[in-house]
Amino acid sequence: MLPTELCCVMGYLSFITTKSKQFQAIRRSPLSILITTKSATDLEKPRSNSIAMAMAIKLSLLLLVFSCSLIPTFSLFEDQVGFMDWHQRYIGKVKDAVFHTQKAGRKRVVVSTEENVIASLDLRRGEIFWRHVLGANDVVDKIDIALGKYVITLSSEGSILRAWNLPDGQMVWESSLSGSKSSKAFLTIPANLKLDLDSPIFVYGGTCLYAISSIDGEILWKKDFIPEGIDVHQLILSEGSNVIHATGVSDSSEFNTYEIDVKNGAVLNHAKTSFPRGIFGEILQISSDKSVALDSSQSTLVLISIINKQIHLQETHVSNLIHGVSSNTIILPSKLSGIFSLSTDTFIAFIKLTDEGKLHVMEKFDKKVVVSDALPLSENEQAFALVEHGDSNIHLSVRLVHDMSSNHLKETVKMDHERGFVEKIFINNYVRTDRSHGFRALIVMEDHSLLLLQQGEIVWSRDDGLASIIDVTTSELPVEKIGVSVAKVEDSLFEWLKGHMLKLKGTLMLATPDEITAIQKIRLQSSQKSKMTRDHNGFRRLLIVLTKSGKLFALHSGDGHIVWSTLLQSLRQSPQCPNPTALKLHPWQIPHHHALDHNPSVLVVGRCGLSLSSPSTLTIIDAYTGNAVRNVGPTHSTVQVLSLPFSDSEEQQLHLLIDDEKRAHLYPRSREAVEIFEKESQNVYWYSVEADVGILKGYGVKNRCDGDEFCFEARNLWSVVFPSESEKIISTVTRKGNEVVHTQAKVIADEDVMYKYISKNILFVATVSPKASGPIGSTTPDESVLVVHLVDTVTGRILHRMTHLGSQGPVHAVLSENWVVYHYFNLRAHRYEMSVIEIYDQSRAENKDVLKLIVGKHNLTTPVSSYSRPEVSTKSQSYFFTHSVKAISVTSTAKGITSKHLLIGTIGDQVLALDKRFVDPRRSLNPTQAEKEEGLLPLTDTLPIIPQSYVTHAFKVEGLRGIETIPAKLESTTLVFTYGVDLFFTRLAPSRTYDSLTEDFNYALLLLTIVALVVAIFVTWVLSERKDLQEKWR
Amino acid sequence: MEKGKGAMGSRKWAVDFTDNSSTPSSRDIPDPPGFTRASHDHEDSTLSRQKKDAEANWKSQKAWEVAQAPFKNLLMMGFMMWMAGSTVHLFSIGITFSALWQPLSALQGVGKVFEPYKDNKVDLLAPKLLFIALNLGGMLLGVWKLNTLGLLPTHASDWVSSLPPAHEVEFSSGGIALHY
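Heads up: the sequence lines are chains A and B, in that order. At position 156 of the first sequence the residue is numbered 136 (my numbering), and the sequence of numbers has no breaks. Take the position in the second sequence, starting the count at 1, then add 12; the result is the number in my numbering.
Simulated from the structure, these hints should not be mistaken for laboratory data. Cβ atoms here follow ideal geometry from the backbone N, Cα and C, with glycine treated the same way. Possibly wrong hints are sitting among the right ones.
List of simulated lysine to any residue pairs, SDA-like, C-alpha gap at most 20 Å [claimed, not checked]: (1) A:K912 <-> B:L163; (2) A:K659 <-> B:F183; (3) A:K936 <-> A:I926.
Rough simulated footprint, nothing fancy, chain B against chain A, three-plus residues with beta-carbon under 8 Å [stated by the list, open to error]: (4) 617 to 623; (5) 828 to 836.
Work out the full structure, taking the sequences as your base and the hints as a guide.
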């Protein structure tokens, strides 16, 4: 061969090497290699030609170097964003709202939510202008608007005050108010108070009263109430006066009122009156000098009036006011001047304070009424809104405070009953063209959604319940029905061709800008994506999510739209079920072979009450329609839900629910299920982790309970007690129940084999020394020890134990196949670390004789029992990792052949994909040639963070809490659903899509090429025939 | 094979000098003066024998040549394989499979290759054996290459990887008590 040709070949070779190295999934076995070559030829031929054209040995050398450092990443092109991923932004359940509707400029509403989000929403469409997530520990107490341009937020129990620029959400200033004791937090922003060109903000938090400049957040003065031992309940700043009234209760049950000078914080007057019974809840201001409170027995109303700088108390028994009153009386916090509302178990009453100082009941409503704060309309006119519930609609009425008898405005709005009751209402007014007042109302529903009502219509709605997801599961979509009309096929064929012609134009760079946008549109809005039927590759699925509000949503994985949503009746407040909480979501019925006429269904487990012993409710929901199939409960308590690996003839998954007395309840409650379970009950075990006392306990089935054939008593089989003076459980992780492992062998360099210890019954437990259980930096390295254990949960045997001296939590871990990767903080190195433990089975290590394997003389497929106590060996390694972590997960595929990537939810609310090869304990500083060929990377002390491998690319999943991976039917692909305040979904192929052509593969180009080739064949054939004829005539 | 074809190609035409010479009808024509038939007949027979011997020699020589031809192929193949390296990719696979296929097809056509040299006097067994041996050698080379590429199931790993993980007898699940 000529030297130039040699170069060519070398370049080609090295290029192919590069490519083949990317197919990590493929071990060198005779079968899989065909896939490699196929994909390599399919995808890379055009490019390899161009490489060959370069004909330079330099290039090939460069490529060789490049190939050694190449790791598959998930980088995508800019125009691929939104192609197979979607991102949704939420804010959570609104707890406070402030309108900003000046005549000029955009109308907006600033809200704070239970997810600690402050956001500015467009009043017209409900979109988010800007949003800040303050973090899990920074609870927003109060929000308000100062100077008409700053949003002021008080958070962390009144210790952090921040000002945000209203138009764009930039932070203007932040003050940290270090109170000595935690207390209630108040924020008062006087409208027209000026102190030396400054408008102060008054904040009470941490038992101190502060005056803070609204311009730069400087503390002007501070008054500490600690020496007086007073807990302030209320701040009153009368219009036009220079005095603040602070009313509080001291420890010795005295009412105290301070008059404080707004200029310097000096106490002008102090009055007190003894009130030995103490008060319950808040003090509510009803006029400039009068407030009302309840005494601690909740039976007497106390009217507090300040006359001539003296406190006067006037007590009125609630039962005297309202006849036949029941218990649990509270004063609702709605601020209405001269009026307050009282809520009891059965009704809500409006009580007016007459000029003579008498209390007078104006109106009584039954319980389903929600009241807004008063809204000043003019000098002496105030309005408030009141919402009542009808059958399928809500009645919104706006009333004037001075004239309660008539409705200023009454509207009826049709309301989806899946949204539940109205929980909160905020109103705002606008002036109509005829100078009358119009009102818009922002309402928060039981399912945490947010709606804007105006003129009897829902202007917009936001499903913010999705910001607080508790649990996620998935379901298949219905199978496509056969029989499509010819017209439809023709139409779609035409569309298809048109689309591909456009694409072809795009590839040949002939497209105009208009066409390019059209191409992009076609790509993003492919109707295939959001179809409601099952697809061949298993990309389209239903994501079923359970939210904190007790609402179940089904999201389409294609574009994230809500397919159905249902507010679970079993998780709504009722006399049988007070304080319901949603706990867990499990797939209940997955029809595969039999029962194909059944729809798949899911099981929702909830609890009525806050303690572990409260009764629980079970609901089975049809995954296609969202209808409740069955409701059980409230019944026994539930502390554990175990999904057993058995199903009955209708393919209903058997479940064991463990109650707080360690009894196991079997579901579904049928004879067949009991029979199946009793056959297998000898091999069913469960364990409990009692983190507060540091005990792991394992249980087995003992016998049936008395009188209930679906209930089984447990017997304690083993216990692992961690000494409380040295170890405290901070994290436990187990393998995902549905994970599929392809092979038990790990092929290492030189075709050697190691046998993985693959058991689903491994529990990873991380403990720290009690001193190190606080936040990072609270202990010295000498005092903090992190110990990790791998425990067999059948026998309680500790398979492996490892100690990390000078390290502490928080520990985030993921367990998959035979390895566990965990993340913790190393105090000595002052860095985060990630460690990996791989566990191998020594009892099978002897199976290395090829001949014996060929004839089947091996123990590799014989069932394993944990009681045989297999010998295990472990390998582990640690690396530094730059980020702190919120969650770790791992990709999962249908057959478990594809190599794995760790998905790390970083502190920046992004998801980083890290190849498992980086956390391989066999990495060494100088890998041998064979090891290099195997794909083993040289050891580095730090795990690399490759910017292109952020799966979330430009998006942030604010408040990231969990990463769920779902295998697609296509082996190479895994679906990733990340949730927090935001939702993000994408599709990943850890080893590239080696088993399919890419979505944007140009079929038109392929067709065109084939046609061109066929034409060329004919032309050349004709030409050669003619030439032959001429030759013969010569 | 090239050589065999060449040998056939070189015998495009032939003139038979012995034509009609022994038939009685030719005797009607008197021999020219000074021509003695007996001696001629004798010479002719010795000549043809000599010629036949030469042809047989030539045939056996050619047969040996053909038999040795795969050797060159072998060298060529070896060089190509060395060039292809020991990693699995399109190029090395192509070379390896052609290295396996070529001897195989050659062995299938052993009879045909030696057809032109078929002669009673020529012993074709030895060249044939050599031919077969060389081709087998080529095939072995291919198999060896296949092995170096790691495509032969000669290791435990090749047999184990397809085995599913062993079934676990016990099932266990649980965790921290559910709370929210």
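Results for each hint:
Distance hint between A:K912 and B:L163 is fulfilled; the C-alpha atoms sit about 18 Å from each other, no more than 20 Å. Among the hinted pairs, A:K659 with B:F183 is consistent with the structure: their alpha-carbon atoms are about 13 Å apart, no more than 20 Å. A C-alpha spacing of about 17 Å is found between A:K936 and A:I926, which places the hinted pair at or below 20 Å, so the restraint holds. Taking a C-beta to C-beta cut-off of 8 Å, the segment 617 to 623 of chain A contributes 6 residues in contact with chain B, enough for the three needed, and the coverage statement holds.
With 5 residues having a beta carbon nearer than 8 Å to a beta carbon of chain B, the segment 828 to 836 of chain A meets the requirement of three or more and the stated coverage holds.
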